[in-house]
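Input sequences plus hints: build the corresponding full structure.
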Amino acid sequence: MNEGLPKDLRAAITALGATGAASTTARSITSDLSIDETLLLHQMGFGPADLVTGFSIVAIPYGTFLNQYGQSEPVDLPGATNATLAAFTNAIERMRDECQRAGGIGVVGVEVKVEVAGSSVSVALSGTAINPLASGQRRTKASPFVTDLSVRDYALLTRAGWGPLELVIGAGFVAAPPQRLGQVMSQARQNVELPNITLALQRAREQGMERMQQGAIAHHAAGVVDVTIIDGPLGHSHHVCAFICFGTAIELIAERHQLIEPQLILPLDDSFDFEATALRGD
Amino acid sequence: MTNATAASAPIAAGAWTSGLSTAEFAATLEAGLTPLGFVQGCSVVNWNFYGFGLNSLGLGGGQLSGYSEQYSCPHGIVSNEHRRYGLNYEKTWLERAYKSSFAAAKERLVNEARAMGACGVIDIVERTEYHSESGAFEFTLNGTAVGLSGVAPPSTPFTTYLAGQRFNRLIEAGFVPVEITLAISAIGVYSSCVTEYQLRGAGATGLGFGQMSYGAIPAGEITQITNAEIAARSLVREQLRPQLHGDILHGALLKVRSHESAEGPQIEAILQGTRVRQYRDFAPIAPPRPVIRLVDR
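Sequences listed follow chains A and B, in order.
Residue numbering for the first sequence follows this note's numbering, starting at -13 and increasing by one per position.
Residue numbering for the second sequence follows this note's numbering, starting at 33 and increasing by one per position.
Just so you know, not all the hints are guaranteed correct.
[Said to hold, decoys possible] Cβ-to-Cβ under 7 Å is the rule here; a few derived chain A residues that face chain B:
1) A(-2)
2) I15
3) T39
4) V44
5) A45
The hints are simulated quantities; they were obtained by calculation from the structure and are not laboratory data.
Since the structure is predicted, the reported quantities are computational estimates derived from the model, not experimental observations.
Note that beta-carbon positions come from the ideal geometry of N, C-alpha and C, so glycine has one too.
See the structure below:
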């Protein structure tokens, strides 16, 4: 048993005071980090600065998702693609502004929520801005970084000699052309590939990944990690294939990549299914 | 008295109750705490979406207070059906009802714990429910009151959502829970004509407001709704910060929900967590060692 813990707790309860009144007039901090994340962040020399958010909803031009009759090839939908990119960009910039106002050097563990409605796309971000515990650790970059990496991933990345630069995004919206009546009739009751939708999804994917890569290049990043992909036909317009991706662009901050050399462990606590009936010999 | 005997002592007088899992119970004993009893607090309030004396726009005989922002129509006189203005407004009456419900439930929970001589309440679980048939809103808090031998209980027992190992690590890290806190902001949106058209995706692209004519709606950001969403997130943090009195809001949960109405989106942002205080200097942990688990599957 940890004998120090009850002692710590007694000291803590005593410190709460008879009235439970606050003991400090310092600026209050809000954070959505767990205690484990906070401890890990402290170990790295950082602490939570404030809970920060970003939001944007952008209109998609009327008619973007209408059926593309008369087309034989997939049709790019730049109106929807640009609206998605604009919503991400606005939300990220607002989050960065909030981080700067809180004195943070970056935002970690950003939760990203994207919603493509019938005629608008919205992006909502929330995360915790962090700042160094010692003033000497100030980041040299003028602009705070934004990353959806968890504190654990951020710690691991830093230990390996890398640092997050920016949340980079990509999007592609492509409409599949309607099949001709002859095609529909010939494919009826057959499980065959639907080339119009396949091609549309493939093109949307290429556009999305390319845009995300361009974003990383613009930030002089070495690569992108922890990419999240949201793809598939839209619920309200099944002929439109959407591909949205976002990840963290990273740069090498050490002279070279550092090997983290993980230790292999063999857990002795194998899980098993406990069946009471087996004990009774049923 | 050891922790084990302290935990077993109340059984002689009458077995204690708790909402703890077995693992949480074991960790609670590890910290020197003993469960005293399952405590509860609840409050049911009248839930009026539009407030007393206000119509569905939040206007009328009553008076709006708090955040509000008006959006004018750029089209001039078009028709009677055309919306001549839009409005974002803070539903302070909903915020008050929600907060008073939470505060009353918390006070009742703490009173039950205080009557047991507890030093705090851990493992708090909340339940909220809107009863549409009676137009009432219910807020219920459940938790486990705990005692600590060798220390006089504080006049106001601490409250926390944490329990088990997470609670223990918080203490070891140099923080002590003070209380659970909550703030809410509710923003009503009465869409302007431009917002309404943008939400429909109607109109042409590439026109600025200056060039706009009836039916031609600019592409781009839907400013009114963006501002309402930003205001909801900003207000909820502003409202919570004074409750912290210089302490830290730990493990915050920000929930933002939006539901559609005939007027436009109705947005609610709720921010809650445990207010914690640093009771001793932070002692950094050793750099954790990366491991790879060798498992079958």
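So, going through the hints one by one against the coordinates:
no.: 1; hint: A(-2); in the structure: holds (4 Å)
no.: 2; hint: I15; in the structure: holds (5 Å)
no.: 3; hint: T39; in the structure: holds (4 Å)
no.: 4; hint: V44; in the structure: holds (5 Å)
no.: 5; hint: A45; in the structure: holds (4 Å)
Consistency with the previously given hints is maintained throughout, with no hint failing.
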